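Please model the complete structure; the sequences and the hints are all you need to start from.
Number of protein chains: 2
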Amino acid sequence: MHVDLGTVLGTTPGLSEHTLEQLNGVVGQAHERIQHGRANSEHGYTALSLPDTVNLDQIRSAVSRFESPQAIVVIGIGGSALGAATLVDALGGEDDPPVHVLDNVDPDSIQSTLSQLPLQETVVTVISRSGQTAETLSNFLVVREAMKMADIDWTQQTLVITGESGNLSDLATQYSLPQLSVPDGVPGRFSVLSAVGLTIAAFLDIDVDAVVKGAADGEADLSGSIFETPGYAYGAVAHALNQRGAKINVMMPYAERLETFGEWFRQLWAESLAKDGVGQTPATALGATDQHSQLQLYRAGPPDKLVTLVRPATRDDIDIPETALAGLGYLNGESLGSLLDAEFEATEASLFAADVPAIRIEIDALDPHSLGRLLYEMEAACILFGELANISTFTQPAVEWGKRATRGLLRDASTAETETITDKQTFIIEWTASGSSPEALGLFCL
Amino acid sequence: MHVDLGTVLGTTPGLSEHTLEQLNGVVGQAHERIQHGRANSEHGYTALSLPDTVNLDQIRSAVSRFESPQAIVVIGIGGSALGAATLVDALGGEDDPPVHVLDNVDPDSIQSTLSQLPLQETVVTVISRSGQTAETLSNFLVVREAMKMADIDWTQQTLVITGESGNLSDLATQYSLPQLSVPDGVPGRFSVLSAVGLTIAAFLDIDVDAVVKGAADGEADLSGSIFETPGYAYGAVAHALNQRGAKINVMMPYAERLETFGEWFRQLWAESLAKDGVGQTPATALGATDQHSQLQLYRAGPPDKLVTLVRPATRDDIDIPETALAGLGYLNGESLGSLLDAEFEATEASLFAADVPAIRIEIDALDPHSLGRLLYEMEAACILFGELANISTFTQPAVEWGKRATRGLLRDASTAETETITDKQTFIIEWTASGSSPEALGLFCL
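As you go down the protein sequences, you meet chains W and D in turn.
Just so you know, we're using numbering that gives the first Met the number 0 here: the first sequence kicks off at 0 and counts up by one.
Just so you know, we're using numbering that gives the first Met the number 0 here: the second sequence kicks off at 0 and counts up by one.
Calculated from the structure, these hints are not laboratory results.
The model shown is predicted, which means the values in this text are computed figures rather than measured ones.
Just to be clear, a hint being listed does not mean it is correct.
[As the list claims (entries may be wrong)] Some chain W residues close to chain D (C-beta under 7 Å, calculated; not the full set):
1. L8
2. T11
3. P12
4. N103
5. L140
6. A282
7. L294
8. G300
9. A312
10. T313
11. D315
12. L327
13. E342
14. W400
Glycine included, C-beta positions come from ideal geometry on N, C-alpha and C.
Take a look at the structure:
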């Protein structure tokens, strides 16, 4: 529903109204650059056109091949997992089949998930643009093997979301698996409004039309003025505050269902904006819980933070029963929701009182339309931030080194990356199970 | 098992071996201060003596009053929830009764939990030192009401962990509820090795004796030398790196079962060390998942980070089935565990190659002894950091403002805090459900 910059205008770091006007001047140019990128289907910018280009009928058709699954497994990592998880956690219903996201290669947790699954009635959705993502393909091989061992025809229970070519696309052709496309020109972290994010939502009772409509409303409102475009207002102000020392952006929703949205935002912000030694470090927190964990830090720690507070304007509620307990009279007549809202406002004010800038984002409700709009506005915010800071928003070159190193290690190859590993210096302070003979092993090469 | 400072010795920010020696000199003094605090049972320092003072028989006796519960509800927030959750998530077994932690006042999630619970066979543990924590008591009143509505005698299914006096203590006396004590002089975030953290573990099949033994081994190894005390080595180096610009400490375990440990660490570090505008901002991440979300930031973003990598040296494993898929031949003969370990080493090396300091912590296994030791060493690390940086480690004054504001708001009182809220300036950029008429509402007072 709205972005409120009120407290930012009175804090240090903070902005003046004059600065907002100045910012607005450069936002006009950045907006033109963004619109130009969209018009020419340039890599990344095209993400902002997904509300026009996503094919919901195709998604529904693929999903309809599977009749009432009792569980859904999503195998993907990073942008291939977080968008779907965000929608499911925010909008899923209690009667929906459980969704298990396998986004790690921890044998312990994979084993635990496999042991819980009604494999015979489980749909597996495997998502990887390249069809070569090590974690995703490894998990897929493990789950497929478990199905084979249980005499289940895995080809009847597997849906593939991948690029035009590669292993997964070949596999889909070979076994006639239903297949959906990862859209061209859209980095994974911007793909929630495509088949990558919407397919799992479509398996549940989530109104994906409304999600896309919410995003389309955001698209329709994009303009060269931060005073008319909430996402741009957020992105421009986050950028300006970063320049003024707010190096950390804490995303703190006051709704447990938005906790995964925080994770999604954290990837969007980190991978997009951290380049060449600059960027703004995202952090996640959850209200009201983390008032009892992180608020001391935000108020009294280093003055390097912007806190983004998000809440739905309305929610279902539960009354707090009347109590005669000492010191708790102020809770009489209240509800959990009114307590949570009071804490939201108190936290915002307590940040202001400590001179910490906070931006408030309120959405109408935790409904599909509002979620679609929120996700779209945050993507627009991120892209605008990248433009204003001259950042290459749509690449993630720094993660390739580790992927090469992993492959080199497992292949026993000697490469520049694996040599860094074998040449690693260690300086070990040992603790022993018995607690008997601690020893510093000193510096040596492994 | 060990802390490895190897990469810290070759990065910028980083340390030289000479600096380590210098650090070691002041650590001796800090250790004496800590030992003095412990000997005199000073507030906070006494947390490091919990392995000697915790009464496991008392905990077991309280727990034994409840016969094979089918579910356990923990009602607490911050330090009254995170320690228990850390132990349960790290060490709980698949056949243990599910543990639901109510550490927020989100009506939606409380409703969802209540609807899943077999209330008749659920044990409720309510934890609050003061007996007045708004969130905890509100949730308790709601859960108790649900039990009453279901004709359940809540007094037979409720365990209380609280201070010497106050609402919960009075309630326990009035209704003859089993009661355990929050230890004196131990801030909530340091209370995992007391009844606050261990009681829920004792409800499951977790070997709490081994947890305490692990911590006791850490206690026995405390010394004035960082070369003999892994926790001190970690704390001293984290402090020195913070001085050199590593303002953010990313805690990144490579084990899903340690994700909650990361949350526990985040509170420990934030509330203890963020005072007077200083401190080191903790952040959490999960390996290998967040390589696909945060590694770009750690390697190529602002050079203000220390990354702490944690893993168990051994774990149960799952083989990756052989595959002929293109580009994945290097996975043949590997396991999920070996892939995860290769990614761990590759990430450490990739940070080093990008000049980002990383500290490696390896524990023997995800077992009770190792966990107890890890928790103890991190508490010692935190306390040492506080000594070296002249920080008041055991207070959290900055969170009181918001609590007063919340009470004031709900009581409709006019106080300094509520006036900050009513005087709040807003500067709203509106988005509308229809997408039709965005408008900036400008600056005004609510």
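Worksheet item: Do the numbers back the hint for W/P12, that is, is its least Cβ distance to chain D under 7 Å?
Response: Cβ of W/P12 sits 13 Å from chain D, so the hint is violated.
Worksheet item: Taking the least C-beta to C-beta distance, is W/L8 closer than 7 Å to chain D?
Response: 6 Å, holds
Discussion item. Quick check on the hint: W/L327 CB to chain D CB, less than 7 Å?
Written reply: 6 Å, holds
Worksheet item: Taking the least C-beta to C-beta distance, is W/W400 closer than 7 Å to chain D?
Response: At about 5 Å, which falls below the 7 Å cut-off, the nearest Cβ of chain D leaves the hint on W/W400 intact, so it holds.
Worksheet item: Does W/T313 meet its interface restraint, that is, does its C-beta lie within less than 7 Å of any C-beta in chain D?
Response: 11 Å, violated
Worksheet item: Does the CB of W/L140 sit less than 7 Å away from some CB of chain D?
Response: At about 5 Å, which falls below the 7 Å cut-off, the nearest Cβ of chain D leaves the hint on W/L140 intact, so it holds.
Worksheet item: Holds or violated: is the Cβ of W/E342 closer than 7 Å to a Cβ in chain D?
Response: This interface hint holds because 5 Å falls under the 7 Å limit.
Practice prompt. Using 7 Å as the Cβ threshold, decide whether W/N103 counts as touching chain D.
Written response: This hint holds: W/N103 lies near chain D, its Cβ roughly 5 Å from the closest one there, short of 7 Å.
Worksheet item: Can the hint on W/L294 be confirmed by a CB-to-CB distance to chain D that is less than 7 Å?
Response: Result: holds, 5 Å to nearest chain D Cβ.
Discussion item. Less than 7 Å between beta-carbons is the criterion; does W/T11 satisfy it with respect to chain D?
Written reply: Nearest chain D Cβ about 12 Å off; hint violated.
Worksheet item: Is the interface hint for W/D315 satisfied, with its Cβ closer than 7 Å to some Cβ of chain D?
Response: OK, holds: W/D315 within 7 Å of chain D, min 6 Å.
Worksheet entry | Agreement of hint W/G300 with chain D interface, Cβ distance less than 7 Å | Given a least distance of 3 Å, the restraint on W/G300 holds.
Comparing the model with each earlier hint shows violations of hints 2, 3, 9, 10; every other hint is respected.
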